[in-house]
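Enquirer: Please put together the full structure from these sequences, using the hints given.
There are 2 protein chains.
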Amino acid sequence: MKKCTIFYVSDGTAITAETVGNSLVSQFDDVEFTKIRIPFVDTVEKAQAAAQKIKDAYVDCQPLVINTVVDIELRRIIHSGGGLKLDPFNRLLRTIEDTLGIKRSPVVGKAHGVVDSESYNRRIDATNFALVHDDGISTSYDEADIILLGVSRSGKTPTCLYLALQYGVKAANYPLTEEDLDKMKIPDSVLKHRDKVYGLTIDPFRLSQIRSERRAGTRYSNLRQCQREVSDAEALFLRNGVDFLSTTDTSIEEISGKVLLALNIHNRLH
Amino acid sequence: MKKCTIFYVSDGTAITAETVGNSLVSQFDDVEFTKIRIPFVDTVEKAQAAAQKIKDAYVDCQPLVINTVVDIELRRIIHSGGGLKLDPFNRLLRTIEDTLGIKRSPVVGKAHGVVDSESYNRRIDATNFALVHDDGISTSYDEADIILLGVSRSGKTPTCLYLALQYGVKAANYPLTEEDLDKMKIPDSVLKHRDKVYGLTIDPFRLSQIRSERRAGTRYSNLRQCQREVSDAEALFLRNGVDFLSTTDTSIEEISGKVLLALNIHNRLH
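Here the protein sequences line up with chains A and B, keeping their order. Position one of the first sequence corresponds to residue 1430 (this note's numbering), numbered consecutively onward. Position one of the second sequence corresponds to residue 1430 (this note's numbering), numbered consecutively onward.
Accuracy of the hints is not assured; some may be wrong.
Heads up, the list lumps identical chains together, so a pair's fine if it works in one copy or across two of them.
Mimicking PhoX-like on lysine-lysine, the simulated pairs with C-alpha atoms at most 20 Å apart in a straight line are [what the hints assert, rightly or not]: (1) 1687 / 1464; (2) 1432 / 1532; (3) 1612 / 1482; (4) 1625 / 1532; (5) 1431 / 1532; (6) 1687 / 1475; (7) 1532 / 1514; (8) 1621 / 1514; (9) 1625 / 1514; (10) 1621 / 1475.
None of these hints come from the bench; they were simulated from the model.
Expert: Right, here's the structure in full:
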């Protein structure tokens, strides 16, 4: 298999360059890509070091370079490394300028670095909220945007934290206990916020595997036990008209996106 | 100020489209952009609904549309809404094909939806690690990639969670207590992992403000107390040769990026 290197070079975190680049290289199954992030390139020295790394990576094929550095001189130095320039923005920015009849005002790191303090606070608040309302620790959900329900290890906690950090959304989670499942009843503290509730389920085999990594050979990780809990939880969702999705083959990004869409909640950060 | 709408339309989460779009519109200070995400557009009906929304948004200027939907028929329907097409990928993909002499194999949702189970597990493990090692709860750091030090509310917890979710990196955090600061000593449990340690500091005025939101009028949030703690913490970092940065005007993405760079830790997910 052909081996190539792709560089993500930025004057900021390189997250944007990386997001674009990963999306591009995912389209090519026949190439094995090595991905190298070079963030915070804001001096001539750092740009020269980046150019050298690019030069050194020229083995099997010309290295690809996604360069989101704004400063023209630094861009030139980086591209002296001889990589294939992939600029996702310049042409689009020109299209916007021409169509809207406006001019951009570029500043180093503008797209990445500037802290919007309202967004920052919202994010921190949402993260704290997720931590305090994780795993049924607190069940006062008046402030919650979302309450995720599901059995233990169905993916609730990472999803709630992701929702907080990525979208500034306050997501609580409540773990369906054996008692809830035996009674076939969602607790009133949750049910009274019916319109914020969303369910997560998971393939019982996968669940048993995940639980075994924590506590192998216990009732908790036993396949039959997992099957029973999952089937009870799904019955409980259906009986209460709670929408749910399976996390088995779904990334945290996708789970989060689908929950937001289902509950019609928007990004609180931008 | 001119008001425009930008749409992020995708057959997946729309995170890639949103990342690109936010980066683009951040370059234009003279336009107020309304941002609308339309994720999971994978049927003709959803594409038609998206086209209608785009049509309805045509008020002050032509709506901008970042469309990362792969299916050609769905793309066509979406663009029948009359928005300005901004395709960040097509031209770049063609450049890669021409240069590397390879062909892409596009599949709906490929760039977003496919779950790499190794990455998934690493991410969940890292998130659990961050939760268990948050705020000095557990101080066994053998498995840690990073140990963040700082006074209470300096930004340690959100950074650790972000590092886990975004990079699959295991980040612990230890809050410098008044006792540590009085003794002018970093605990041995932390110091024995010297090469994993990074410090966070913060402007004392900002710290006092943040702490006041939690506990107004207490010693904890008192400005003098915050000044003392911050100055002691910074002295402690300097004395022990611990690199540190200020979180005051720094986004979580940027803090995380800088810590990774300083400790030479790479993304564990891609």
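Enquirer: Each hint: holds or not?
Expert: Quick rundown of the hints versus the structure:
1. 1687 / 1464: between (29 Å within a copy, 18 Å between copies)
2. 1432 / 1532: between (40 Å within a copy, 15 Å between copies)
3. 1612 / 1482: neither (62 Å within a copy, 45 Å between copies)
4. 1625 / 1532: Neither: 42 Å inside a copy, 45 Å across copies.
5. 1431 / 1532: between (42 Å within a copy, 12 Å between copies)
6. 1687 / 1475: between (40 Å within a copy, 14 Å between copies)
7. 1532 / 1514: Between copies only: 19 Å across chains, 24 Å inside a chain, cut-off 20 Å.
8. 1621 / 1514: Result: close neither inside a copy nor across copies, 55 Å intra and 44 Å inter.
9. 1625 / 1514: Neither, since 46 Å and 35 Å both go past 20 Å.
10. 1621 / 1475: Result: close neither inside a copy nor across copies, 56 Å intra and 31 Å inter.
Violated hints for the displayed structure, listed by number in ascending order: 3, 4, 8, 9 and 10.
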